[in-house]
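Enquirer: Sequence:
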Amino acid sequence: MKRPLGAQISHMLKDRGIDVIFGIPGVHNQEMYRGIEEAGLTHVLARHEQGAGFMADGYARASGKPGVCYVITGPGVLNALTPIGQAYSDSVPVLMLASCLDEVALEKGQLHQMNDQEGAAACVTDWSATARTADAAYGLIDRALSEFATKRKRPKAIHVPIKLLEAQADAPPMPAPERTCATDATPVIDDIVALLQNAERPLIIAGGGCAGADEALRIVAQAYGAASFSTYAGRGMFAHDDPLHFGSNLSRAGSQAIIGQADVVLAIGTELAEVDIWRPELGHTGTFIRVDIDPEMLTSRPRTDVALCADAGATLFVLADEIQREAVTKWTPTEVVQARAGWRAEIEAERPGLPLIIDCVRAAMPDDVMMYSDMTGFAYAAKDIWPMKRAGHWHHPFGFGTLGYALPASIGGAVARKGLPTVCIIGDYGLQYTIAELGTAVELGLPLVIILWDNGKLGEIEESMISAQIAPNAVIQRNPDFLALAKAYGAHGVQPATLADIAPTLAAAFKANAPTVIRLTPDLIR
Numbered sequence: 001m002k003r004p005l006g007a008q009i010s011h012m013l014k015d016r017g018i019d020v021i022f023g024i025p026g027v028h029n030q031e032m033y034r035g036i037e038e039a040g041l042t043h044v045l046a047r048h049e050q051g052a053g054f055m056a057d058g059y060a061r062a063s064g065k066p067g068v069c070y071v072i073t074g075p076g077v078l079n080a081l082t083p084i085g086q087a088y089s090d091s092v093p094v095l096m097l098a099s100c101l102d103e104v105a106l107e108k109g110q111l112h113q114m115n116d117q118e119g120a121a122a123c124v125t126d127w128s129a130t131a132r133t134a135d136a137a138y139g140l141i142d143r144a145l146s147e148f149a150t151k152r153k154r155p156k157a158i159h160v161p162i163k164l165l166e167a168q169a170d171a172p173p174m175p176a177p178e179r180t181c182a183t184d185a186t187p188v189i190d191d192i193v194a195l196l197q198n199a200e201r202p203l204i205i206a207g208g209g210c211a212g213a214d215e216a217l218r219i220v221a222q223a224y225g226a227a228s229f230s231t232y233a234g235r236g237m238f239a240h241d242d243p244l245h246f247g248s249n250l251s252r253a254g255s256q257a258i259i260g261q262a263d264v265v266l267a268i269g270t271e272l273a274e275v276d277i278w279r280p281e282l283g284h285t286g287t288f289i290r291v292d293i294d295p296e297m298l299t300s301r302p303r304t305d306v307a308l309c310a311d312a313g314a315t316l317f318v319l320a321d322e323i324q325r326e327a328v329t330k331w332t333p334t335e336v337v338q339a340r341a342g343w344r345a346e347i348e349a350e351r352p353g354l355p356l357i358i359d360c361v362r363a364a365m366p367d368d369v370m371m372y373s374d375m376t377g378f379a380y381a382a383k384d385i386w387p388m389k390r391a392g393h394w395h396h397p398f399g400f401g402t403l404g405y406a407l408p409a410s411i412g413g414a415v416a417r418k419g420l421p422t423v424c425i426i427g428d429y430g431l432q433y434t435i436a437e438l439g440t441a442v443e444l445g446l447p448l449v450i451i452l453w454d455n456g457k458l459g460e461i462e463e464s465m466i467s468a469q470i471a472p473n474a475v476i477q478r479n480p481d482f483l484a485l486a487k488a489y490g491a492h493g494v495q496p497a498t499l500a501d502i503a504p505t506l507a508a509a510f511k512a513n514a515p516t517v518i519r520l521t522p523d524l525i526r
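Quick note: the sequence shown uses UniProt numbering, first residue 1, plus one each step.
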């Protein structure tokens, strides 16, 4: 059946398992909206293209499916590139579909014109391509979806000229059979098994790439007698009370020395980025094994002795089947308990009173809650001391580090998990980056819990300036009345007066018929 290409694209996405689109319509991309309702897609109206991109990111992290956003030519694309850059950094499958001008070499002065839209998007995507025919548009969409399933999950951008979106097009091809990532790595697996079985102090460092295989990961660690760390993205992969688990404390003082004691280190499903360790070197002296789906990571720092380019989950299932070890290792629960207690004490000294507030918030959370956090001191401390019961239930803008991420991303997460509790943790400055998306949450009737840490300043920057012996400058801003602003949008706004008020406030917020902004300030601990 012939339809305008914009409508065909919506039908194609629905046929390939896409249910939700995030975006904002405009005159240049309105043809993409022609087929949305007919195809049975749900469209979530963002207040800004940046919000649409973050919502698609949050939806993808919560659902495990690609997040899709529709954006308009020129400024719409540029507005969305910040969240697309975040998705690239954190390996999130986001597909940005954008309209573009038909011709820009000769024609000048057109609405939304820019010199190189495709090239701009290429800076923060796995790839950015312009479809010049309907078949090319279909092929690029299928390529993106296939690569999401078989490669490192990084965002893609597809640009479609306006006249092509308007033109009649044949129906897209039938979906291809699903593909999975497979690697014949038996010789390398044998080497890894031998190293783990013979090690006196094996250590596993697990990242977010192990998602979905946490049970196999725990079996491997326990059977090989390995101690473990998780990256922040890997929190919840190991049980918090595992006697040999050092937690998500890779960046804390002393972790480097502990890693140096290991004679074999297996880093799996993690790129060990700067934001994972916050130091130049990991600290390993023993044999270093690296398993990553991205071949680029196998040749980057740190020094690698055994490299396997493969899916982390598939590798863990194989390792679990090959276990033969009988002798115990030299790690002891006592050294793990002492290290974790020392790190907790460090955090309490660095951020007096804040861990106590965090503990009160954590104690009131449902077991199945999903968290989205922003660049704020509350989240930085929580990521070190908040034990996660489930893997993949705390999402943070790690590598790119975008302020304003948490609110729209949590909206996307709540859309993906209807009826399940979702929480946004955000600072007073970060909230003002994307506060307009509160309107979207109200419009959708989401009982979203927004924990606002309001210390009235850019506290982390102030501390960094002082540490660098720079007189703090431009770190204190005038904030609005956040609770009144929440109510103006149609949300609830509450400020607990004491620590004891936190639990009932949260309980009420989870049952509300609209989002609730819960303002927490340092006065709670004074």
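One or more hints might be untrue.
[Claimed, not checked] Here are the simulated lysine-lysine pairs, DSSO-like style, with alpha carbons at most 27 Å apart: (1) K14 to K511; (2) K151 to K163; (3) K14 to K65; (4) K418 to K330; (5) K511 to K389; (6) K457 to K487; (7) K2 to K163; (8) K14 to K108; (9) K65 to K108; (10) K457 to K418.
[What the hints assert, rightly or not] Computed beta-carbon distance windows for the label pairs: (11) D135 to M465: 35 to 41 Å; (12) T498 to R143: 35 to 41 Å; (13) T521 to E166: 50 to 56 Å; (14) V27 to D116: 40 to 46 Å; (15) D15 to E460: 42 to 48 Å; (16) S63 to A176: 19 to 25 Å.
None of these hints come from the bench; they were simulated from the model. No residue lacks a Cβ here, since even glycine has one placed at the ideal position from N, Cα and C.
Enquirer: Can you name, in rising order, the numbers of the hints this structure does not satisfy?
Expert: Failing hints, ascending: 1, 2, 4, 8, 9, 10, 11, 12, 14.
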